[in-house]
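Keeping their order, the protein sequence lines are chains E and S.
Under my numbering, residues 1 to 274 are what the first sequence spells out, in order.
Under my numbering, residues 1001 to 1288 are what the second sequence spells out, in order.
Hints were generated in silico from the structure; no laboratory data involved.
Positions of the beta carbon are idealized from the N, C-alpha and C atoms, including for glycine.
There's no promise every hint is true.
Just a sample of chain S residues kept apart from chain E, beta carbon distances all over 10 Å, derived [said to hold, decoys possible]:
1. Glu1022
2. Arg1105
3. Val1113
4. Arg1119
5. Pro1129
6. Arg1256
Some chain S residues judged to face chain E by a derived CB distance under 10 Å, without partners named [what the hints assert, rightly or not]:
7. Leu1120
8. Pro1185
9. Ala1186
10. Gly1217
11. Thr1219
Computed far set for chain E versus chain S, every beta-carbon distance over 12 Å [to be verified]:
12. Arg13
13. Gln126
14. Ile183
15. Glu228
Below are the chains, spelled out letter by letter.
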Amino acid sequence: MLQSLQLNTALARRMIVDFIRIEITRAGFSRGILGLSGGIDSSLVACLAAEALGASNVLGLILPYRTSHPASRADAELLARQLGIATREIEITPLVEPYLAQFARDDVRRRGNVMARARMLVLYDQSEEFGALVIGTSNKTETLLGYTTLFGDNAAAIQPIADLYKCQVRQLARAVGVPERIIAKAPSADLWEGQTDEGELGLAYDDADAILYRLVDERRRIEDVVAEGFDVHIVQRIAELMRRNHFKRVPPPIAKLSARTVGIDFLYNRDWGS
Amino acid sequence: MKFTLALAQFAPRLGDVDANMETLLAYVARAQAARADLLVFPELALTGYYLKDLVPQVALRAAPDEPRWAPLLDASRTLDIVISFVEQDARYRYYIAAAYLAAGRIVHVHRKVYLPTYRLFDDGRFFAPGNTFRAFNTRFGRMGLLICEDAWHLSSPYVLWQDGADILIDVSASPGYGISTSDDPANAATVKNFLQTYATILTTFVVFSNRVGMEDGITFWGGSHVLAPNGRALAQAPQFEEAFLLAEMETDALRRARLDLPILRDEQRELVRHELGRVAKFELDRHS
Chain E
1 MLQSLQLNTA LARRMIVDFI RIEITRAGFS RGILGLSGGI DSSLVACLAA
51 EALGASNVLG LILPYRTSHP ASRADAELLA RQLGIATREI EITPLVEPYL
101 AQFARDDVRR RGNVMARARM LVLYDQSEEF GALVIGTSNK TETLLGYTTL
151 FGDNAAAIQP IADLYKCQVR QLARAVGVPE RIIAKAPSAD LWEGQTDEGE
201 LGLAYDDADA ILYRLVDERR RIEDVVAEGF DVHIVQRIAE LMRRNHFKRV
251 PPPIAKLSAR TVGIDFLYNR DWGS
Chain S
1001 MKFTLALAQF APRLGDVDAN METLLAYVAR AQAARADLLV FPELALTGYY
1051 LKDLVPQVAL RAAPDEPRWA PLLDASRTLD IVISFVEQDA RYRYYIAAAY
1101 LAAGRIVHVH RKVYLPTYRL FDDGRFFAPG NTFRAFNTRF GRMGLLICED
1151 AWHLSSPYVL WQDGADILID VSASPGYGIS TSDDPANAAT VKNFLQTYAT
1201 ILTTFVVFSN RVGMEDGITF WGGSHVLAPN GRALAQAPQF EEAFLLAEME
1251 TDALRRARLD LPILRDEQRE LVRHELGRVA KFELDRHS
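With the rest of the complex left out, here is chain S (with noise of 0.2 Å):
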């Protein structure tokens, strides 16, 4: 199968829904000229990012009667969609989510698992962390969400990719810091480094969707990119200014490269298990 995947680098303004949803609205309107089928926006493209006391007001339930939701939800009946939100359950907790939306519905959607609070981030304050990694099927294959901090937890791609994820989508507001004479901040080089080997090692198709702009003085690099199930890069986006990226994705890529490295058909998933579960129970014991 073959589809179109577009990424939209763009710089959301702090706390203005209204704003946002105009801005994702006019890169839904070009992914539909440009004919793609699938659309991915960065973490918090609704709402920005250093969102702080803000995040209840910014917040949304994420049921399809939550009016915020009816122009997306329409306009992906023509192209799937993945927008990340503040999201408010019934309780009043508030989540850093993800949704994919396609045909008209809220197909899926990811709770930020790993809030980052240490350095310049403070997720762990403002935010509950999500408790689940699950892959989802959509009309492109199964595919699995990662926020942004996800990633970096190896365990949160491997378990997505035992679940049965071809595409793994991570989309993030990656702030870009410690520079030296690279061409990179020192974090970017990180994360292309990590990102690059899942693809290679899980024979999965990994998409960075980042974000760029400036909060308080704090940087997001952009640099979103989309690699093939072998590691070589299929679409490449600048760094630190706004761009609108298509990837052609030929999933036959996942047939080839699994062929050439069949890590997947050997993964000893009950090994893996087993010896979780004797560790963690080493770890019960231990402290009991």
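Chain E extracted, bound-state conformation (with noise of 0.2 Å):
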């Protein structure tokens, strides 16, 4: 791994810890709700929530598919016992299969994004009766890749490790001690049997993560990224597939007709008045 990809994870610690707890006690709240998959980057925002708001403030989900690997849910099982968070299982089967039944059918990248959504749908409902805000689980790696399901494992009302590469995470999960058996794993999305993420990226999370901390952290450009020995096919389709997956990262456009248009000039921090 890149030297400058080493974390301090005390400080990073720290600073993700304090943003949960201000974000959300600012926003009126004490209490923090998310979906537990089993993998490393869930598992360390929980840790994290965990650390800032007490684990008795802390809800995780489970919401497994039929298809989800039994092991998922034994790893979020493992991690909320470790921290002493509750858990509450909500199977997703029931609400999405006479869905997928009638459509979507054979689509797996379809299938993938009604089960993101679903999960979305049960995270934000259940929210609301746990008094909570939704902490939401990306990661910079996928971030910048767009690989991610808009209004589904994106959907969030704070993002506290989506400025973390995927190597960070990684590094603080360890510090912050996640079960190695969860940060040993191979990162999937667990949408279909036998899914990485590398497999279905076809790219290796530690390329990706140097090649983007290069392009986008350090500012170089892709030829020089190249120059450094990156296969210039890989460097020109991550940088590809940050242009193209854009829009999954701002808010829709707005056609603006008036003086003051929302999110153009009309702006205020999120923090506004608290």
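Once you've looked at the hints, go ahead and assemble the two chains, each given alone in its own frame, into the complex.
Spelled out as structure tokens, the structure:
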């Protein structure tokens, strides 16, 4: 891993824990809710949220589909037990099955998106019952690549780790005590059997992180990154994914008509007045 | 002297210099076929307007050895061209710039002085400001270049006028906003008003080249037009749609307008300079 992607985990932990606590309390809440997949991202966020809000103020939702890997649920439960946070398991199969039986039967991408959005639906509804804000679990690598379902897994009130690359997520996960079993397994959205992120992306996370870091954080040009020895097709593909999926990172454009338009020249911080 | 002016009112692709160059060259061919002598493109025709972090990727040096200039410099052997682009200087500062190209050379470069950074504008975040307004000679007379917000400051056309400009060219990427019952967005009405006022009281030609199209929900209103030195419209493009506009320019109109209204003759530039000097000195003294 690149030296410059090495993280001061103590500092990152402190800043993120403060972020979760301040952003949630400023909005008038004291609790957070998140989906626990058994993967490294949601496990890390659960740890940081428990530290920020107290374990009793965090609810982890386990939201399996009938094809979800049993290890995913086991790992989510393991993590929750370790943190002392409550979990609730709600299977999304009966929610999505009637729809999938009629539509998107053979299209894995559409099916995956439907499941991600069904989880969003459950998370937001349950957040009301628990009196909590939804805490997102997106990381910087998937955010930049656009490897996410719009209004699905990227729907959240706050995003604590979306400025950490996957390799930095791993460092911080180790530092806060996420079980090694969770850290070591291949990252997967677990939307269909045998799916892995790296397989679906056709990219190794370490390469993606190293290339994204150079292009984005260091503002290097594509040709400079290629000259360093990275595969020209991979670098170009990453640059193109970033460009093509930018719509997932910004709110939808508003047709500007009036003198003041929300998001364009009606500008206030989200923390306005708090 | 008579010459034919052409205006290309179009929608550049945001951040796609190659595609825009193709469009520009298609307009060049069209202007050549129409026997135009001068072709004016709108602000940032080569790149699109809301560039944000794309700025360094689309920037050019304003030097003839910059390869991107070749086709336009080549075209300028038969047709003078005003083209706006992002300029990168030797110390990596970026400017919104407009160049006058003629006879295969870059004759003059103006860097946008006033960078709007309010309301829906954020130029000041991404660009460095220019620091000159200079008129320059062309085969059609002395001209001055303004870029969009420059023209909202009344001193800009005044300085160019006093520097000898008889043809003011305002290249714009003006978004239309503030709709009411009028056919014009509120700011478009303001622009039309002050440009007509400039033409009338400065007794100069005013050329307004504005783009059309939309970037992230913000619509550019077009409405490019050419005003004679008495404020009368010589040519008018439609609003909101792509257009290729031709105007027959007869420079004798300057003589007639200035006989009718000898404002230029009577202008007391020294008085203005003196009074501005006094005001500036007063400000300095007051703050010292």
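So, going through the hints one by one against the coordinates:
| no. | hint | verdict |
| --- | --- | --- |
| 1 | Glu1022 | holds (20 Å) |
| 2 | Arg1105 | holds (30 Å) |
| 3 | Val1113 | holds (22 Å) |
| 4 | Arg1119 | violated (4 Å) |
| 5 | Pro1129 | holds (21 Å) |
| 6 | Arg1256 | holds (40 Å) |
| 7 | Leu1120 | holds (5 Å) |
| 8 | Pro1185 | holds (8 Å) |
| 9 | Ala1186 | holds (7 Å) |
| 10 | Gly1217 | holds (4 Å) |
| 11 | Thr1219 | holds (7 Å) |
| 12 | Arg13 | holds (29 Å) |
| 13 | Gln126 | holds (34 Å) |
| 14 | Ile183 | holds (33 Å) |
| 15 | Glu228 | holds (19 Å) |
In summary, the one numbered hint that this structure violates is 4.
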